[in-house]
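K.L.:
Line order of the protein sequences matches chains A and B.
Under UniProt numbering, residues 1 to 334 are what the first sequence spells out, in order.
Under UniProt numbering, residues 1 to 334 are what the second sequence spells out, in order.
Hints in this document: simulated from the structure, not taken from any laboratory.
Any given hint might turn out to be false.
[Stated by the list, open to error] Here are some, though not all, of the chain B residues that point toward chain A, as calculated from beta-carbon distances under 10 Å:
id, residue
1, 54
2, 142
3, 222
4, 244
5, 258
6, 259
7, 262
8, 266
9, 268
10, 275
All residues carry an ideal CB built from backbone N, CA and C; glycine is no exception.
Here is how the chains run, residue by residue.
2 protein chains.
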Amino acid sequence: MSKLTNECIRVASRPSGIPAAEHFRRTSEAVPELGPGKILVQNQWLSIEPAMRGWLADANNYASVPVGDVMRSLCVGTVVDSAADGYNKGDRLMGWFGWQHYAVITPDAIVQNISTTDLEPSLYLGVLGLNGVTAATALDKLGQPQAGETVVVSTAAGGVGSCVGQLAKALGCRTVGLTSTPEKAEACKTQFGYDHVINYKTDDIAAALKDACPDGVHVYFDNTSGRISDAVMPQLAIGARVVICGTASISSWDPAPMGPRIERILLTRRARMQGFIQFDHMDTYPSYVRQLEDMVRTGKLHHREHITDGLDTAMGAIQELYQGQNLGKRLVRL
Amino acid sequence: MSKLTNECIRVASRPSGIPAAEHFRRTSEAVPELGPGKILVQNQWLSIEPAMRGWLADANNYASVPVGDVMRSLCVGTVVDSAADGYNKGDRLMGWFGWQHYAVITPDAIVQNISTTDLEPSLYLGVLGLNGVTAATALDKLGQPQAGETVVVSTAAGGVGSCVGQLAKALGCRTVGLTSTPEKAEACKTQFGYDHVINYKTDDIAAALKDACPDGVHVYFDNTSGRISDAVMPQLAIGARVVICGTASISSWDPAPMGPRIERILLTRRARMQGFIQFDHMDTYPSYVRQLEDMVRTGKLHHREHITDGLDTAMGAIQELYQGQNLGKRLVRL
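When you get a sec, could you build the whole thing from the sequences and use the hints?
P.N.:
Set out below in structure tokens:
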């Protein structure tokens, strides 16, 4: 196996805002011999996540990737060689294998074994992966939507948002999605089943929300912060729950940008606002995946993928994500 | 009974900011005959609450008092005459009897019968009343402090804050109080048992908090919003709980003043921020009063009262409260 050459994308420098291709570099190196307990995985799919901006940021972050390291990424790959009990050549795995062709890992890097054969493996990086599970877990544990309530999603067509909308709809909620282009708005309506779709770039957000949410907003699933949130917050219903799952509209938090204070809204509406990070909830990951697999099989959970081919296309992909150029889960196929 | 004359303080106009004496007027009128089911109460104690500013505000409020009405207030009074089953002359009651000498009420205005004889009745407007019960309920249900955690209170010497500090201390927490004068700081240390006291008018709040909270802030019990909160929020610990119980430092919310955005803090710390209004929790009021009575009896819960005499002194009292002139629960004795 030592004859294999690995191609990797490493962190070249720490971006101050959104990571671009220039913050990465490609390296070529020999794949090391497998030590005991190790597994050699060949990646087929790499994931591009909005959270990667946070992993590359210095300040206020929970999990920085050091400069020089292979870029952290969830991937789907196949076991090529194994010196670890319970893992065999040909096993399909999803886990933290990084932006590279080959990864030598220990089992703690594995998020899940993909044992299904009827579902596309790439789904385990999207609708059946971190996106879908984040949506299901955060909506269930923090959002706690009840049938008949109104659920507003701030990135309605995105990987997480599109799942939130469909999960809330399946629970009997009225769903309202905010998105940025007519193409995404169309997908929100036809594919993701939103009851109302608001284009936050062209519509008067506050007025459109008032029309779409006559009883107020019971659950606000927020992936953006910024001016979308500023329009949603004053329309919270009594007892509303706000799930903070991302802050995609703000490019730098050092120092924190100013916005309208929200304490009075939280007080008068007895509302709850809470931050969510999936890594705190990995114990319940498998059970949410089962639930999502069932919904995909029965046609209740739709998804889109935006795929580019080749390792090098990963380098600019985070920036493209923040420019809103993708429609659906952003993946790199190797 | 119809010969009795009632003196009342009524709402004269709606203040745009903090209510002052000019927003009230005194009226004199006959006490009406008692109809069936009614109770005539003679007030002995009137309560002055920070929340009264909200009750008098137009916008974004949950419970406005109409202009012309007797000012809403919790009071302690004695039954003078009763045409309601279960209530007899001489009974001591705490409830919504208003800023007036006499109130003709129905039993739904009563918050509780005061059946204890070993505790001063005025306590049922403070440490054993809405203040104490708010502190106990919000800390328990929303703050959920654990032994060894750090609890920060933004109005440490106030009616609610002083109870929060003592309750948290009794649970084994490290308590840090913010207050505004050396006199209040002294009371926080000697009477309310805070481990650390910060004068938010003279100290560097952020630096003082960093010294006082080396493990971060696990529970922030906020009665102020504003610059105190701006210093506390970045020091939240992972999994912190923020209880929004009041917004005393902000005089107008229309429009909402600007402050540093907090979404990123909530996300990276997986923190929860929630508004609390005691009126949502009246079912558990009696059980928290029992708990507080026991603590008062055993000397574990101290309090201060700031008393003025005569109905007219109520009119300027809300403004005085916001000017920080009081030390302890603000009461008017009739």
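K.L.:
Run every hint past the structure and note whether it holds.
P.N.:
Each hint tested on the structure:
no.: 1; hint: 54; in the structure: 8 Å, holds
no.: 2; hint: 142; in the structure: 9 Å, holds
no.: 3; hint: 222; in the structure: 7 Å, holds
no.: 4; hint: 244; in the structure: 5 Å, holds
no.: 5; hint: 258; in the structure: 5 Å, holds
no.: 6; hint: 259; in the structure: 4 Å, holds
no.: 7; hint: 262; in the structure: 7 Å, holds
no.: 8; hint: 266; in the structure: 4 Å, holds
no.: 9; hint: 268; in the structure: 5 Å, holds
no.: 10; hint: 275; in the structure: 4 Å, holds
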